[in-house]
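Enquirer: Each chain, letter by letter, is given below.
2 protein chains.
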Amino acid sequence: MNACIVCIGNELLSGYTADTNSRWLCEQLLGIGIPVKGVWLVPDDHQRIVQSLKQAEQHGQIILVTGGMGPTDDDITRPAVADFLNVPLEFKQELLDQFHTFFARMGRPMAEKNRVQAWIPKGCEILENPRGTAAGFWRQTQDLRVAVLPGVPAEMMYMFETQVLPRIQTSQADSIVQNAKVRCFGLGESDLAQRLGNLMQRGRNPLINTTCGAGEVILHISAMARDQADAAALIEKDKVLLRELLGDYIYGYEEETLASVVGGLLRQRRKKIAVAESCTGGLLCKMLTDCPGSSDYLLCGWITYSNSSKIVQLGVPEQTLSEYGAVSEQTARAMALGAAQKSGANVVLGVTGIAGPGGATDQKPVGLVYISVFYDGRCSVHEYRFPVANRTGIRQRAALTALNLARMQLRI
Amino acid sequence: MNACIVCIGNELLSGYTADTNSRWLCEQLLGIGIPVKGVWLVPDDHQRIVQSLKQAEQHGQIILVTGGMGPTDDDITRPAVADFLNVPLEFKQELLDQFHTFFARMGRPMAEKNRVQAWIPKGCEILENPRGTAAGFWRQTQDLRVAVLPGVPAEMMYMFETQVLPRIQTSQADSIVQNAKVRCFGLGESDLAQRLGNLMQRGRNPLINTTCGAGEVILHISAMARDQADAAALIEKDKVLLRELLGDYIYGYEEETLASVVGGLLRQRRKKIAVAESCTGGLLCKMLTDCPGSSDYLLCGWITYSNSSKIVQLGVPEQTLSEYGAVSEQTARAMALGAAQKSGANVVLGVTGIAGPGGATDQKPVGLVYISVFYDGRCSVHEYRFPVANRTGIRQRAALTALNLARMQLRI
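Top line first, the protein sequences correspond to chains A and B.
For the first sequence, our numbering assigns the number 1 to the initial residue and increments by one for each residue that follows.
For the second sequence, our numbering assigns the number 1001 to the initial residue and increments by one for each residue that follows.
None of these hints come from the bench; they were simulated from the model.
By construction, the Cβ of each residue, glycine as well, lies at the ideal position given by its N, Cα and C atoms.
Among these hints, one or two may not hold up.
[To be verified] Sample of chain B residues at the chain A side, in silico, Cβ under 7 Å:
hint, residue
1, M1001
2, Y1016
3, A1018
4, G1281
5, G1282
6, S1306
[Unchecked claim] Derived list of chain A stretches under chain B, where covered just means 3 residues or more per stretch with a C-beta under 8 Å from a C-beta of chain B:
hint, stretch
7, 10 to 17
8, 40 to 46
9, 305 to 316
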């Protein structure tokens, strides 16, 4: 069984909005052994939509459609798909009722415009959208399955995972694909390729691909087999192999993040963490608190962006700042020690650096970052010169590196 | 004149590699007044490539092709395009010579495999690729212009700007397009559509499209005119109109963010800001520090995630927490006042809420957020019940709403 994807919206062709949906859907479909044979990005144009659906129909038994499901005049996916399916639109009172409840929850009246979203092609099953008024729909016939979803990624992803994926899987052939992710930090993609040798060659089963960003490399393992058990066994075998080859560079699996892994270790070891940030400006703490339940181990975070706040809030000695500067090993250490003393945490991360574009000197270039790790009374400071060219990249890299240092510390 | 884009490569359909080329090309083309009417992502498959080119030909007088130009066996774009153009491949000695020079510069011998890259469709002009051996080519006939470029973004962009753009412009009608963005916050997309009425109808010049996310709506204005000055005038006229219709919902233009706008206002008014976060866990401060130079106005941020840190770091009365709870109007107020007193800032934002998935009660559901705004000695607290279903969305929405409250306060 093959699939095709049709993404609808003028904004996708104007360069304003990147189409991230098709890539995500390709990954999901390949994950269950369904290759995508083509992606069409088309404008909000009735004829173009119908035509693209007809072209897609030639290459896949599954067509996924996203976008153009809103209440505004340029959202014409519903009538266009109805036209393609050769059925009229049908008013669904149940949807309108849901819209009213939805707006009631927000304490806002429903705009008249939203009414149009209650009309869907006759004979289609409704795909619920708890996050908005753009409901989707599903049509299954002998040789074609069509799922139509809104373009807003969060809504589309939720609806695909909860309502489209199950429908597709029940109607699927008996060779299955199982995927796994192995996540590494602190290793270049080429170093990694060298360590893996022929493990990454095409056609191997399981297939191993890599993607990378901000110091992180993700190994995507996809195993094809007759059933789940066989696929799982193949994946387990490769994971053992990878652990031998990569050791501590591996920080986690699947959807784990450095922050969630550090959180898990803190819980296990019954430790509490505090954070003192300068150049990362809250990003490090944001990553830690992205994890539900992080209040179990995160005590407090300080973003001491000004010198005065470093002195007053964390007790960094004025002399340390005047003598060595805010971006220095000494200040990084004083920040961690101050935060430890004020919070009573057993683990503290301190970050100070130059994220740029301004603030650099000959001795202290953009990308220079000091990270201090306080752990049960002892404090170490690590210097980095991140080659990354932009502010966002440097901040990202610094925050992840701090989390990785905490992981190595807690792992022991 | 219209354009279509065909991006070739199995990796684009596997989900591992994002197609960033088509978006960039759309932006470039619209920038010179050429709307893109469709994008095709197709696998390395001879028939599929030819077929997609034929479909593209129906909707544009310009076809841009990227990818599948390498020396390996799965790179079959050259023969496929030759087939579409109905011409044989032709060996170009000049290209082979360039390859030899290219490898000589790198001190490596040329691999035999690269030879194949010297074959391009008969009658095409060579598009030079100084950064690699994947040369491109250009074919112009009475009613069709085809540019074929490598998929590597850096190479593709360079070749497009230096060799394709000039060729297109010389063959172009004298109409240009200018774009602008108007950014709104706190207004639903459908409310907005109602306020705009027929301003959004298709075919209007300037054309107005909307995209939205996390409480933000962006209006994309694109004006078509004979020259830059006329286009600029059309856009200015619409901006005035939109300000009348949307007033304070408009927070900025082009690439401005709520954080950068708030930063600008703080600078103007010579005010300093501090932040006290609970549920947003650093995200609000992260947004503020995303802006270069934010150290000019950001004094300090506290992430008081635990009750004890709210008490110790911000002086929130223990009784307030026990009586009203950590997620309450009273605690939000105490957080802002504490942060103001400790930092000496004139503007303070405090955020406490339930981001979920855990921590909710009947009285306090997930999505309940209190935001306190301290401004020159006075403190107001605002209650929100965000309908968003997930932790990330609620945190995002809460942080942006806090910034918007600061904007409204500073605007006055």
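Enquirer: Could you run down the list of hints and mark each one as holding or not?
Expert: Against the structure, the hints:
For M1001/B, the interface hint is violated, the least distance from its beta-carbon to any beta-carbon of chain A being 15 Å, above 7 Å. Checking Y1016/B against chain A: minimum C-beta separation of about 5 Å stays under 7 Å; hint holds. Checking A1018/B against chain A: minimum C-beta separation of about 5 Å stays under 7 Å; hint holds. With a least beta-carbon distance of about 3 Å to chain A, the hint placing G1281/B at the interface is held under the 7 Å criterion.
Because the closest C-beta pair between G1282/B and chain A is about 3 Å apart, less than 7 Å, the hint holds. A distance limit of 7 Å between C-beta atoms decides the matter here; for S1306/B the minimum to chain A is near 5 Å, and the interface restraint holds. Counting residues of the stretch 10 to 17 of chain A whose C-beta sits closer than 8 Å to any C-beta of chain B gives 8, which meets the bar of three, so the coverage hint holds. With 5 residues having a beta carbon nearer than 8 Å to a beta carbon of chain B, the stretch 40 to 46 of chain A meets the requirement of three or more and the stated coverage holds.
Counting residues of the stretch 305 to 316 of chain A whose C-beta sits closer than 8 Å to any C-beta of chain B gives 6, which meets the bar of three, so the coverage hint holds.
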